[in-house]
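Asker: Listed below, chain by chain, are the residues.
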Amino acid sequence: MSIRLKNIAKTFGRNTALAPLDLAIGDGELVGLLGPSGSGKTTLLRIIAGLEQPNRKPAGSIHFGDRDVTHVHVRDRRIGFVFQHYALFRHMSVFDNIAFGLTAMPRRTRPSSGEIRARVHRLLEMVQLEEFAQRYPAQLSGGQQQRVSLARALALQPDVLLLDEPFGALDAKVRQDLRRWLRHLHDELNFTSVFVTHDQEEALELSDRVVVMSNGRIEQIDEPDRLYRNPANRFVFEFLGDVNRLEGEVRDGELTCGTARLAVDLDEGREELLMRPHELRLIEAPTEHAHLPVCVTAVSPVGAEVRVELEADWLAEPWLATVRHADFERLAIRRGQRLFVEPRRWRRFADDRVRQPTGRTVASS
Amino acid sequence: MQRIGDAPRIRRLLIGLALALAALFLLLPLVAIFAQAFAEGLAMFWANLSDEYTLAAIGLTLFVTLLTIPVNLVFGVFLAWLVTRFSFPGRRLLQTLIDIPFAVSPVVAGLVYLLLYGRNGWIGGWLDGHDIQLMFAWPGIVLVTIFVTCPFVARELIPLMQAQGSREEEAAVTLGASGWTLFRRVTLPNIKWALLYGVILTNARAVGEFGAVSVVSGSIRGETNTLPLHVELLYQDYNTVGAFTAAALLALIALLTLVAKAGLEWRAARRETAA
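Going down the list, the sequences are from chains A and B.
Position one of the first sequence corresponds to residue 1 (the working numbering), numbered consecutively onward.
Position one of the second sequence corresponds to residue 1001 (the working numbering), numbered consecutively onward.
One or more of the hints may lead you astray.
[Said to hold, decoys possible] Facing chain B, a subset of chain A residues (Cβ under 10 angstroms, in silico):
| # | residue |
| --- | --- |
| 1 | R78 |
| 2 | L102 |
| 3 | R108 |
| 4 | G168 |
| 5 | T256 |
| 6 | G258 |
| 7 | W314 |
| 8 | L315 |
| 9 | A326 |
Treat the hints as calculated values from the structure; they're not laboratory data.
Note that the Cβ used here is the ideal one computed from N, Cα and C, for glycine as well.
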């Protein structure tokens, strides 16, 4: 079931939670709403669910497939909703929690109790919790509770599955497992789902497409790899990972900032260049294009790459570089060492107030 | 290094003082009530208890209580639901208004009702024209009792419902539950103990209310005399044993209430440690 939002806006009192926005989600797609807290992502999800009403003016619309659900009550929208803190019914067993949607149906349409039992058992099997049917939510771990809440949401075979920070309250390992499991489930059952997260990694790993939001606006909608490679603007670039900044004056094809110099192909004036940590190369002597002297202040060799923190008197805030272990050993990097940086590439976003993709990627010559 | 209160002598002194005060101010009067009630033997106690007017007073008190509890039960749940689940202008004000019966002296409450619903009152005059009498009759007693006890249920529910939040209810709605199903299967099971606790407190107050009732009742023996009022009447008649018999009955109800309340608290504490 596809989802189409048109001109949806929301204000709480004087605060604008959502500026009027459009969004189209395809049938069977798994879409992540990504943004910092206060970006409006949860509000958007709750509006799709019908738990929140969009502003009456300007009049917007919400369609599930061909069905106009703008004025349809939550209980009739045929959605499944998974809450951040599970929101299981604490006084009901796991079985009764999952069966709730079925047993709450009006008598005319309600399946027989035998059929309900069979369906709940199928769901329990799906979330691998068969032996926990008679337990109460308080007796389960966070990951198990979240699986119950997923089974409960899927019991009515909803057209659309909505998840609000589904893994936010779980520890890293469980989160990783559940993510993989959800992706699997989604590919198998092929429902349309939208989930909210503030975790870039989660959004990029799980989604078919990611919607990046800030301040109640959509900044960019794209597939994960394109989003990472071609951020539409500075916000998206900064939100998706660590960023190193170099600000200085450009004259005669060279950007200077204190004792630092970098050859650039830019017009004269003030410029700010942005670089990812893995785009910085650490070398022992300056090159003819780059003279960026730095001092190593911290080294963290944990993981696939070594994280090196760099400082210099021409830097307003420290830089972070990630280097391969081979390079780390070759250069024998240690705290207090003086090195030079050569950026492999950098980006600049001309004017952030223009919300057009203005990012330009330039390889350093 | 000794902590404060570690000295055995001070500790013993403080405990002894607390026990002595409790015995003197709480236990002794209670014992005295029962001692006085049985002062002239069990037969006299029964005779006093089965006195026509005493029985009428007991009956009226139970009748008023039975009418008050359901009204305040429904009203309290409704109010708590309104205040914790919706946001609307005046919500804060409403929350403050709930406490008025606690803040105002019951006698003042009685007088206000008399002023409004008495024969010469603003609403009472109109009612009188339609031959309806509220004051100096049982409906008046019920009205002021409801007024005096209306905060109990709501006061118990509001903090609990605020703490529980509305996530479970939202979950139930996304699963297609109708309003009534939602209340019956999700809200009610979560608040039932607090609700029962509120009812117990309402019951205790409704049975024992004196000030407000005495203003609007008129104390007509056998008609508008509740048990607390009856105690006073008997005492003024120099029927000390009779007065204390009725008082002992009230004290007994109070004790039962305390036991029920303690039982519920014990249960709640056990549930908390289990969860």
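Asker: Are there hints from earlier that the structure breaks, and if so, what are their numbers?
Answerer: 3, 4, 5, 6, 7, 8 and 9
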